[in-house]
Amino acid sequence: MDRFLDTFFNMAVLGRYAPAILDGALITVVLSLLIVSTGIALGAGLACLRAYRIGPVSFAIVIFADVWRALPPLVLILLAFFGLPNVGVVLSSFMVLYLVLMLVLAAFAEEIVWAGITATPKGQWEAARSTGLSFTRALVFVVLPQAVRMVIPPLTNRAIAITKMTALGMVIGVPDILGQATTAQSFSANASPLTLAAIAYVILFLPLVIASRWLEARFTPPGA
Amino acid sequence: MMLSPDLPGASSGVALSIENLHKSFGTEPVLKGLDLAVGRSEMVFVLGPSGSGKSTMLRCCNRLEEPDSGEIFIEGDRLTGPGVDLNKIRQRIGMVFQSFNLYPHLNALGNVTLALRQVQKMPRAQAEAAGLDALDRVGLSARARHYPAQLSGGQQQRVAIARALALKPSVMLFDEPTSALDPELVGDVLDVMRDMKAQGMTMLVVSHEMKFARDAADRVIFMDHGRIVETGPPEQIFGNPQEDRTRAFLSRFHG
Ligand SMILES: Nc1ncnc2c1ncn2[C@@H]1O[C@H](COP(=O)(O)OP(=O)(O)OP(=O)(O)O)[C@@H](O)[C@H]1O
Ligand SMILES: [Mg+2]
Numbered sequence: 001m002d003r004f005l006d007t008f009f010n011m012a013v014l015g016r017y018a019p020a021i022l023d024g025a026l027i028t029v030v031l032s033l034l035i036v037s038t039g040i041a042l043g044a045g046l047a048c049l050r051a052y053r054i055g056p057v058s059f060a061i062v063i064f065a066d067v068w069r070a071l072p073p074l075v076l077i078l079l080a081f082f083g084l085p086n087v088g089v090v091l092s093s094f095m096v097l098y099l100v101l102m103l104v105l106a107a108f109a110e111e112i113v114w115a116g117i118t119a120t121p122k123g124q125w126e127a128a129r130s131t132g133l134s135f136t137r138a139l140v141f142v143v144l145p146q147a148v149r150m151v152i153p154p155l156t157n158r159a160i161a162i163t164k165m166t167a168l169g170m171v172i173g174v175p176d177i178l179g180q181a182t183t184a185q186s187f188s189a190n191a192s193p194l195t196l197a198a199i200a201y202v203i204l205f206l207p208l209v210i211a212s213r214w215l216e217a218r219f220t221p222p223g224a
Numbered sequence: 001m002m003l004s005p006d007l008p009g010a011s012s013g014v015a016l017s018i019e020n021l022h023k024s025f026g027t028e029p030v031l032k033g034l035d036l037a038v039g040r041s042e043m044v045f046v047l048g049p050s051g052s053g054k055s056t057m058l059r060c061c062n063r064l065e066e067p068d069s070g071e072i073f074i075e076g077d078r079l080t081g082p083g084v085d086l087n088k089i090r091q092r093i094g095m096v097f098q099s100f101n102l103y104p105h106l107n108a109l110g111n112v113t114l115a116l117r118q119v120q121k122m123p124r125a126q127a128e129a130a131g132l133d134a135l136d137r138v139g140l141s142a143r144a145r146h147y148p149a150q151l152s153g154g155q156q157q158r159v160a161i162a163r164a165l166a167l168k169p170s171v172m173l174f175d176e177p178t179s180a181l182d183p184e185l186v187g188d189v190l191d192v193m194r195d196m197k198a199q200g201m202t203m204l205v206v207s208h209e210m211k212f213a214r215d216a217a218d219r220v221i222f223m224d225h226g227r228i229v230e231t232g233p234p235e236q237i238f239g240n241p242q243e244d245r246t247r248a249f250l251s252r253f254h255g
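Residue numbers (the working numbering), protein chains in the order written: chain A, 1 to 224; chain B, 1 to 255.
Here chain A stands alone, though its shape is the one from the complex (with noise of 0.2 Å):
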């Protein structure tokens, strides 16, 4: 028992490197609103811009979304941080993580989008239609807000895999919650700054969770 205490719970270890977790806890927060934000919002974009349908578009905004959601983002990240500088793109680590984890967000945001658009009744376009406004109006006033609505289950799902995904950081050393650990870790020879980002990440994804079971029960479509 002492043995595990001192392996998981050394008292002085997680005193030491507290802060540094911290900072890192900084760091994880920060990565993850800027990944949701943003990424939520170009997915969005492409789906509309999807609906469209002009052709050349449509098929690039397919393909972008196949094979960004096809490649495991850890392989997306190597690739961009070990390949990048060779073609003379030179990016911090942190700029990697954020710009590797929200394009694979987009993928996902722009298909779950999309499914919810297709979904849309078609008389909610032909009334919109019907009252002049342009087929721009209707899918921003009138079909995307349904759209969004009916998918804000899959949406805050996969935003929370994805914000989880900031862990993966930790390969090309961005200083988060579970670089801060491991590197703590390595120091201190000792498992307890990992229990730290346990606990941390715990008590930043938790409420993210609750959050979205509410926005679920909120949100979800009457009948269903």
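Fair warning: there could be bad hints in the mix.
Derived DEER-like restraints, expressed as beta-carbon distance ranges [to be verified]:
| hint | chain 1 | residue 1 | chain 2 | residue 2 | range |
| --- | --- | --- | --- | --- | --- |
| 1 | A | Arg213 | B | Phe25 | 45 to 55 Å |
| 2 | A | Thr38 | B | Ala125 | 27 to 37 Å |
| 3 | A | Lys122 | B | Ala149 | 13 to 23 Å |
Hints are computed from structural coordinates only; laboratory data are not their basis.
On a predicted model such as this, the values are computed, not experimentally measured, just so you know.
For each residue, glycine too, the CB sits at the ideal point set by N, CA and C.
Take the given structure of chain A and dock chain B with the ligands to it, following the hints.
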């Protein structure tokens, strides 16, 4: 608005004129050269068997369905052909659908004011005043803040009518406005239509409400297979139809 007298359909009393309208879906001709002129303040009822092209004709009248050929005029202004500002001219043609098609994420007032705000660019206060006025005309100003899911079918259809009315259209098109309603809710919607007629609205109505057609319509047309088979005042169409097909169709309703 200037009406030049040599334009087809521009004669003083015509609100909506359809000339030689053709429409096919694939190789299937659905409208085979329709001609119809609806006078200002006239209520014209359209009867006909399922698949005869009634909805297609109405939908061509605001180009929700694109006609293959033929012309349509709203108060002398051409609706068909290239170069027409559709979003502008559609505001002059109110459309009421069988399934209401209210926007579920907006309350009644939001439904009614959306086009006022986004197309006519009315300031909020003015749009809401106009919206409440339109809701008042259908007897629902007290339900302005209710969402569609909180309204009965009849109330939803009346909000849909108000949504069209708010744009102050020249013509209103109704596609089976009461077919999706429970029988006890039909009367409220028909009463609203009666009021609109009394106030001089031009209306083209596809409906199976024969009793209503009899006592409210100025004219009834019977359509079959994409053509107008017979047209006349309700007394003639219901009392003494000239065409066999009209008689056969009506006999199904009289049992
Ligand atoms: N979008 C479409 N694509 C293909 N065919 C269509 C389309 N819309 C209508 N049709 C066909 O055109 C014909 C006329 O349809 P329409 O809806 O105008 O008839 P209707 O007189 O309104 O019938 P109902 O009383 O059943 O509403 C039907 O045979 C229908 O199947
Ligand atoms: Mg029909």
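Legend entry - arginine 213 (chain A) versus phenylalanine 25 (chain B) beta-carbon gap, inside 45 to 55 Å or not: At roughly 46 Å between Cβ atoms, phenylalanine 25 (chain B) and arginine 213 (chain A) fall inside 45 to 55 Å, so the hint holds.
Legend entry - Pairwise beta carbon distance, lysine 122 (chain A) to alanine 149 (chain B), judged against the given window 13 to 23 Å: holds, 20 Å
Inset, instruction - Confirm or reject the claim that threonine 38 (chain A) and alanine 125 (chain B) have a C-beta distance inside 27 to 37 Å. - result: At 35 Å between Cβs, range holds.
In this structure, none of the earlier numbered hints is contradicted; all agree with it.
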